[in-house]
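Student: For reference, the chains in residue letters:
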Amino acid sequence: MPDEKTAAWKLKDIALHLGCPYEGDGEVEITGVASLENARRGDLVFVGQEKFRKQLEETRASAAVIPADMTCGRLPAIKSPQPQMSFIKAVGLFFSSYRPMPGIHPLASVSPSARLGKDVSVGALSHIGDDVEIGDETVIFPLVSIYPRARVGKESRLHSHVSVREDSIIGDRVIIHNGAVIGADGFGYLRAEDGSSIKIPQKGRVVIEDDVEIGANTTIDRAALDETVVRRGTKIDNLVMVAHNVDVGSNSILVAQVGIAGSSKVGKNVILSGQVGVSDHITIGDAAVAAAKSGITKNVPDGAVVAGFPNIDIREWRKMWVLLPRIHDYVKEIKALRAKVEELEKKVK
Amino acid sequence: MPDEKTAAWKLKDIALHLGCPYEGDGEVEITGVASLENARRGDLVFVGQEKFRKQLEETRASAAVIPADMTCGRLPAIKSPQPQMSFIKAVGLFFSSYRPMPGIHPLASVSPSARLGKDVSVGALSHIGDDVEIGDETVIFPLVSIYPRARVGKESRLHSHVSVREDSIIGDRVIIHNGAVIGADGFGYLRAEDGSSIKIPQKGRVVIEDDVEIGANTTIDRAALDETVVRRGTKIDNLVMVAHNVDVGSNSILVAQVGIAGSSKVGKNVILSGQVGVSDHITIGDAAVAAAKSGITKNVPDGAVVAGFPNIDIREWRKMWVLLPRIHDYVKEIKALRAKVEELEKKVK
Amino acid sequence: MPDEKTAAWKLKDIALHLGCPYEGDGEVEITGVASLENARRGDLVFVGQEKFRKQLEETRASAAVIPADMTCGRLPAIKSPQPQMSFIKAVGLFFSSYRPMPGIHPLASVSPSARLGKDVSVGALSHIGDDVEIGDETVIFPLVSIYPRARVGKESRLHSHVSVREDSIIGDRVIIHNGAVIGADGFGYLRAEDGSSIKIPQKGRVVIEDDVEIGANTTIDRAALDETVVRRGTKIDNLVMVAHNVDVGSNSILVAQVGIAGSSKVGKNVILSGQVGVSDHITIGDAAVAAAKSGITKNVPDGAVVAGFPNIDIREWRKMWVLLPRIHDYVKEIKALRAKVEELEKKVK
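Top to bottom, those sequences are chains A, B and C. Position 243, counted from 1, in the first sequence is what the numbering used here calls 340; the numbers after and before it change by one each time, with no gaps. Position 58, counted from 1, in the second sequence is what the numbering used here calls 155; the numbers after and before it change by one each time, with no gaps. Position 81, counted from 1, in the third sequence is what the numbering used here calls 178; the numbers after and before it change by one each time, with no gaps.
Among the clues, some could well be false.
For identical chains, the list gives no copy identity; a pair is met inside one copy or between any two copies.
[Claimed, not checked] Calculated cross-link-like contacts (lysine-lysine; reagent style DSSO-like; alpha-carbon spacing at most 30 Å):
id, residue 1, residue 2
1, K443, K296
2, K365, K151
3, K432, K416
4, K148, K186
5, K186, K446
6, K296, K148
7, K251, K432
8, K151, K296
9, K443, K429
10, K395, K362
11, K215, K251
12, K437, K416
13, K437, K395
14, K251, K437
15, K429, K186
16, K365, K443
17, K446, K365
18, K251, K296
19, K215, K186
20, K186, K296
21, K107, K429
22, K416, K365
23, K151, K443
24, K251, K365
25, K109, K215
Hints are computed from structural coordinates only; laboratory data are not their basis.
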């Protein structure tokens, strides 16, 4: 099976590979990785905090990766200043995600004018349109549709049922999960006098830069004119909507079911949490964070952390939501005060 | 036409089939089922409450299913202690949903190492990967993609454009509607020192138990390690997001556009209404209910009914939202009180 | 390239075509359209308001479309009473969206019982089921799935990975973007005594009238009985959910990630903004507007503009959200008033 690597490693060799010291029996043989609860003999597990000590002592795993300042217990352990990063590297020794073999499947439909790089894989029942370009070692899984003149870089992966519309540009090492749609028409109309909607032609395109990951069934619309852009290293979760002419900066995170309306500009290193909505023509500064379900209708400065709809500073939002559910008590108190004040007014008159 | 059964039934025979008494002319011939408004001669309709009496008297239907304690009017009627359940059974006499014939379409792409049960149907242009297992009488509609080593049970239905990713496990009598994605990578990254995101390998899988139904374009992500699980009998609507390592209990209901973040645990018999969001690592107890658009950031006990974001008891939430839109009046009253108190203070000083 | 028209037009000829006067050099040659920022020599740009004067003077474009009451500057300009509409018409001279050639691709799977009109295009790897009807000049892009007995009108476009389920009716000049699902089962169950859910058969269908546009990965469910209807000229954005038995009136706008629950009725010329939710069995009047993220749980009269959850008049909602974030101050003031009143009570006693 191409994606479960079968090799066994001695713990001491894994430690060497990670550049970390280890404690305990370095000769123990590691054959896989697992969670604390489900580990079996031969597995390496990860513990990031002292509070999981009990589970660590009880696991059936054979070894652990732990923080450098944590003491080793019953199990032999690799001690790392960045234990989660080290564990991820260790996972890579035992697992790599499924990758079909290079080559064009006989049931794929590839235009004669498409230009495919070296070691490209095109799966069964995928359609590659005219003048498409695909870079070296990119994997097109089965049942993908790429419209004419789209360009996909090298070492990218497009999963089943992805649509890439005409003229879209996709960079290197981009991963697009199943059912995502890149470059469908933006949603723009003029209202005619009779109330009907006149379609504004969506003549622009989508540009996805290198190292972006796009979740399942996410949609990124093409621009009316110009470009919708998702910049280098940004990660987008499932069922996200990025509208026409949006510009998402580099290394940002868009969590599931986020929606960004037309022409908004999201900075770099931004985090938009689940189900956030962003109005059109909004600017969100670098390294800003929006809490889940925020409705961003006002620009967000660099580094701000916001919540609510309309968006406010998250500390204000938290204070507010401690008090608002007690509104009933405050209203009662206002009534009581009114009665007392009236009483006083009578007496004082 | 394979899915409209053409038989006609006498009303008395339908009553016998349902195990219910009837009143009026049992010889009337029933050829279909319909709604009160759109029924035509020959149709059987359903009335669940006395308040629809007028529509019942005016319908063009030939007979009705009514509650056991409702009196029969102009139309002959089957009287049932569970009238809606009886009507559903009656619908089954005249209608079954579209099902292609068993057999592998010549334009399907099925790996030689896939193991298909008896009377499996694989539609045109579907791709079944290496080492996939599919149980007896399961229907794979056209344009479905099943990645290597996935297992699908018996009597299940996977509709067009469904993606089932590698190693996913799907039970018996599962229905997956068009475009749903089972087992795409979970959304997990570590932030590196330069601000870029390091992908955490998503090595786990998805397990969908028996009798689950999954709506169109819903996405259920594979676990990082271990499993994302949807347990027996749970029903999931369209455009729902279930993140990695989530565990949804049995017989629960997830309404459209719900999103559940990583590692949260939803009990059995739970109802999450439309557009609810659940934070990561949350526990929702058995038989709990969340109102539409709730943002669940705190654990929910068994049987609780919650609303709002952050979630509170729904009765508190309702009281709160009666008062909050009147905040303007309360603020005015506070100002008036302040003026009066200042006036009093002057007088009393 | 089929979708970038290569012709060059003189400005005076474009003005003639649009029926508008022009100022400046009518002989200037126009070869494309672009935004102010990205225009190059030969491009026609659009300026709708005086406030973009500076950009207009600085653009590299060769001519502009401007409002009739705006003065022409450095660039020759077409002056229009409806400048945006005129610009859209001008775009149509240089651009039309990608359209494959008529004909059935040899790798398409078309049932012998399907009836296709004149100049229909069926792309590679699309599946057309039994007894499907498709009108003249309609384009079925690659990898589309149309179930038996569905009907699609003329001059419509169904993009890759669209699913049209059995018996669905789609009108003329309808555009359905990638991954949309028309006619999957509605979400209806009865709860049995043991807590399990009994599926209510979804026997109805979906009707999409003429001139509707449906966004990527949107889902429109078939009715339980009767029909789910989207009426003439309505435009639906991406990732929208329209549940069973919903009726959306003509010329309405449903923005991205809207969800409408079962049996609700949306009037004509309605606008539901992004991420709005509508409860089941709700009526929304003609020309009503709901602000983003509204949760519509109460009927909305004709022409009303609402916001919030539960929905209230948008002016009330705006006033409320100016005051609510100051709740902390009001609570402090109430406490201060209480102290003063108690003080007064002591003195007055």
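Student: Determine for every hint whether it applies to the structure shown.
Tutor: Hint by hint, here is what the structure shows:
no. : hint         : in the structure
1   : K443 to K296 : neither (69 Å within a copy, 68 Å between copies)
2   : K365 to K151 : between (40 Å within a copy, 28 Å between copies)
3   : K432 to K416 : both (24 Å within a copy, 17 Å between copies)
4   : K148 to K186 : within (23 Å within a copy, 54 Å between copies)
5   : K186 to K446 : neither (81 Å within a copy, 76 Å between copies)
6   : K296 to K148 : between (58 Å within a copy, 25 Å between copies)
7   : K251 to K432 : neither (70 Å within a copy, 65 Å between copies)
8   : K151 to K296 : between (62 Å within a copy, 28 Å between copies)
9   : K443 to K429 : both (21 Å within a copy, 22 Å between copies)
10  : K395 to K362 : within (12 Å within a copy, 32 Å between copies)
11  : K215 to K251 : within (9 Å within a copy, 41 Å between copies)
12  : K437 to K416 : both (29 Å within a copy, 25 Å between copies)
13  : K437 to K395 : neither (42 Å within a copy, 38 Å between copies)
14  : K251 to K437 : neither (77 Å within a copy, 73 Å between copies)
15  : K429 to K186 : neither (59 Å within a copy, 53 Å between copies)
16  : K365 to K443 : neither (64 Å within a copy, 58 Å between copies)
17  : K446 to K365 : neither (65 Å within a copy, 60 Å between copies)
18  : K251 to K296 : between (35 Å within a copy, 18 Å between copies)
19  : K215 to K186 : within (28 Å within a copy, 44 Å between copies)
20  : K186 to K296 : between (50 Å within a copy, 10 Å between copies)
21  : K107 to K429 : neither (69 Å within a copy, 64 Å between copies)
22  : K416 to K365 : within (28 Å within a copy, 33 Å between copies)
23  : K151 to K443 : neither (68 Å within a copy, 60 Å between copies)
24  : K251 to K365 : within (24 Å within a copy, 45 Å between copies)
25  : K109 to K215 : neither (38 Å within a copy, 50 Å between copies)
Hint check: violations occur at hints 1, 5, 7, 13, 14, 15, 16, 17, 21, 23, 25; the rest are consistent with the structure.
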